[in-house]
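Student: Chain residues, written in single-letter form:
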Amino acid sequence: MADTSIQSARHDVARRLPGLVVPLVLALAVLWVLFLARGTPAEPAVRDPGRFAVTLLDGITSAGLFFVVASGFTLIFGLMRTVNMAHGSLFLLAGFTAISLQQAMVGKTRNIAPADVSLVSWIVPLLAAAALAAVLGVLLQQVFLRWNQGQELRQALITIAISVVLADQMLRQFGGLAKTMVWPGAVSHFIEIFGERYATSRLFMLAVAVVVGVALWLWLTKTRMGMVIRAGVDDEPMVRALGINVTLVFAVTFFVGAFLAGAGGVMGASFAGVATGKDGDWLLNSLVVVIIGGLGSIKGAVAGSLLYGLVVAFSPAYLPTQYTFYAVILSFVLLALVLAVRPYGLYGRPA
Amino acid sequence: MTGTLLEVRGLSAGYGESQVLDGVSFGMGVEAVGILGRNGMGKTTLCATLMGLVRPSAGEVLLTGQRIDGKSPEHIARSGISYVPQGRRLFPSLTVDEHLAMLAKGTKGKRWTPKAVYELFPRLADRKGSSGGALSGGEQQMLAVGRALLLNGSLVLMDEPSEGLAPTIVDVLVEAVHHLVSEGTAVLVVEQKLRAATAMAERQLIMVSGRIQAESTASELLANPDLQRRYLGVGSAVDAGEHPLEPQQNRTV
Ligand SMILES: Nc1ncnc2c1ncn2[C@@H]1O[C@H](COP(=O)(O)OP(=O)(O)OP(=O)(O)O)[C@@H](O)[C@H]1O
Ligand SMILES: [Mg+2]
Numbered sequence: 000m001a002d003t004s005i006q007s008a009r010h011d012v013a014r015r016l017p018g019l020v021v022p023l024v025l026a027l028a029v030l031w032v033l034f035l036a037r038g039t040p041a042e043p044a045v046r047d048p049g050r051f052a053v054t055l056l057d058g059i060t061s062a063g064l065f066f067v068v069a070s071g072f073t074l075i076f077g078l079m080r081t082v083n084m085a086h087g088s089l090f091l092l093a094g095f096t097a098i099s100l101q102q103a104m105v106g107k108t109r110n111i112a113p114a115d116v117s118l119v120s121w122i123v124p125l126l127a128a129a130a131l132a133a134v135l136g137v138l139l140q141q142v143f144l145r146w147n148q149g150q151e152l153r154q155a156l157i158t159i160a161i162s163v164v165l166a167d168q169m170l171r172q173f174g175g176l177a178k179t180m181v182w183p184g185a186v187s188h189f190i191e192i193f194g195e196r197y198a199t200s201r202l203f204m205l206a207v208a209v210v211v212g213v214a215l216w217l218w219l220t221k222t223r224m225g226m227v228i229r230a231g232v233d234d235e236p237m238v239r240a241l242g243i244n245v246t247l248v249f250a251v252t253f254f255v256g257a258f259l260a261g262a263g264g265v266m267g268a269s270f271a272g273v274a275t276g277k278d279g280d281w282l283l284n285s286l287v288v289v290i291i292g293g294l295g296s297i298k299g300a301v302a303g304s305l306l307y308g309l310v311v312a313f314s315p316a317y318l319p320t321q322y323t324f325y326a327v328i329l330s331f332v333l334l335a336l337v338l339a340v341r342p343y344g345l346y347g348r349p350a
Numbered sequence: 000m001t002g003t004l005l006e007v008r009g010l011s012a013g014y015g016e017s018q019v020l021d022g023v024s025f026g027m028g029v030e031a032v033g034i035l036g037r038n039g040m041g042k043t044t045l046c047a048t049l050m051g052l053v054r055p056s057a058g059e060v061l062l063t064g065q066r067i068d069g070k071s072p073e074h075i076a077r078s079g080i081s082y083v084p085q086g087r088r089l090f091p092s093l094t095v096d097e098h099l100a101m102l103a104k105g106t107k108g109k110r111w112t113p114k115a116v117y118e119l120f121p122r123l124a125d126r127k128g129s130s131g132g133a134l135s136g137g138e139q140q141m142l143a144v145g146r147a148l149l150l151n152g153s154l155v156l157m158d159e160p161s162e163g164l165a166p167t168i169v170d171v172l173v174e175a176v177h178h179l180v181s182e183g184t185a186v187l188v189v190e191q192k193l194r195a196a197t198a199m200a201e202r203q204l205i206m207v208s209g210r211i212q213a214e215s216t217a218s219e220l221l222a223n224p225d226l227q228r229r230y231l232g233v234g235s236a237v238d239a240g241e242h243p244l245e246p247q248q249n250r251t252v
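In order, the protein sequences belong to chains A and B. 0 is the number of the first residue of the first sequence in numbering that gives the first Met the number 0; add one for each residue after it. 0 is the number of the first residue of the second sequence in numbering that gives the first Met the number 0; add one for each residue after it.
Keep in mind the hints are simulated off the structure, nothing from the lab. What you are looking at is a predicted structure, and each value in this text was computed from that prediction instead of being measured. A couple of the hints might just be wrong.
In silico contact screen, one side only, chain A against chain B (beta carbon under 10 Å); selected entries [stated by the list, open to error]:
id : residue
1  : A177
2  : K178
3  : V213
4  : L215
5  : L217
6  : T220
7  : R223
8  : M226
9  : G231
10 : D234
11 : P236
12 : V238
13 : I243
14 : V245
15 : T246
All C-beta atoms, glycine included, are put in the ideal place defined by N, C-alpha and C.
Start from the sequences and build out the full structure, keeping to the hints where you can.
Tutor: This is how it looks when you write it as structure tokens:
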């Protein structure tokens, strides 16, 4: 009797521990950034509000980009249980394609200045490149994945194989050098925030991400197709037993998911450039975001992007100087903390 | 029996190695038919196989003379079988209204539209904005039935609709079944509770270990405790309790 009650008490502590540790860690992190930071590249926020504001904006704007890419990944996974390991390849392909299109529209291949770039010669390449990614995504789904619906491991392996092939072809087509898409002149300015200069192009990127997010939300909540997709995420066989042709819904979802990867690729190409190997980086980014947020949840993609974006922005600035090298590890600490409290991610549900 | 709407011949199915249905055969017209059977006899597997959610390993299913066995669930649903599954299987992410709106396309001018469903179950109309998961058991079942009706099928297939519901709610469902049949829609209802089953359908098929073991009528079953004991493992009289076939079941309203 006594034994079991001790055991259950111990079990109870083990279960509650993450719930206690996580708020504590969070509170410490906030305190550190606001007041305590010593020996860090940035002074505590109370003494250097400009640096803090810039870091915060960096986090939020990066989160916008993370969200656009990861929402496509999570949409596809949520409905079809397909882990699309070629998501990063679609990102990269759209980035390279948009750069080539922009160069063609501007009529220069090098030294393009923002002043050369009109809004149209940014948006048209974005839409065209994202559409290319979308069409490729649907082809991939129709030709390779459809027949393996429900076999998650097989689908993951197929998409890995495709990503390897695509990476090779992109290297051949676009070369191994990093390339950058140029922001339109109209949004390439600087504003002043607490005495710090801040690039308006980053705010523009955030605005694009918000537009994408709102459009996605309206599509999922207000349209019949959106309702069917949400129902399919809950219980796909039941949707079919109600006479709904999910084959079409799957294709549309893959189209939209791949479009989002492509749109993110163009935004990423403008924001940080693209190069061989970025496909893997962005697959990893998407994975981290959706694991934090919960696989299959759009709300989770918002929350995961914000948390991940903030950690990525804050850790190099507010870790002690000799440890900034370890900034990247903090993303995985975030991952571990979230999973300790919520094993299926913030908004995830057991499969 | 009036004509043949559904004809099932030697239907067998199972999961992997284990065979659950072992040659089910029966036919029905535009009428209410009950399938009675204890836990684990294969009632749900029969429904899932009829809907194309489980692949049959042998046998045929004909709906108004057309083979539907081996077809996809969406094909079968659109051929005219409306499915109300065991446990309701509502979509937690959707509101009541969205459950119906999602299926409203093509219902215009037909018997069942979302509006008609709300008229049949006024309680649902008050809960339009609630999510499927926030409803009471009775409301959930009404929504599961209403959602199926929007297919405007010729046969409604219900798997244990009375499960876990209070008698007053069961009465609402019984009334809905009679209403459907009087309008020319057939109902095939799976039950393990004698009271609900016999109230919904006079003709009763008895399922034992994946087969239709016997055919009986509501009046015969109610009058004959021997029959109940033999096929359904009931010892006590029917009216002694709400759950003569499954006394340990728990219940919510
Ligand atoms: N998805 C499944 N995978 C494997 N076996 C299953 C599956 N579903 C049901 N079974 C088995 O098939 C048999 C029949 O189950 P079924 O659900 O059809 O019975 P039932 O008559 O509907 O029972 P209940 O009254 O409990 O709903 C049972 O032995 C069950 O364990
Ligand atoms: Mg059952």
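Student: Are any of the numbered hints broken by this structure? If so, which, sorted upward?
Tutor: Hints 1, 2, 3, 4, 5 are the ones this structure does not satisfy, whereas the remaining hints hold.
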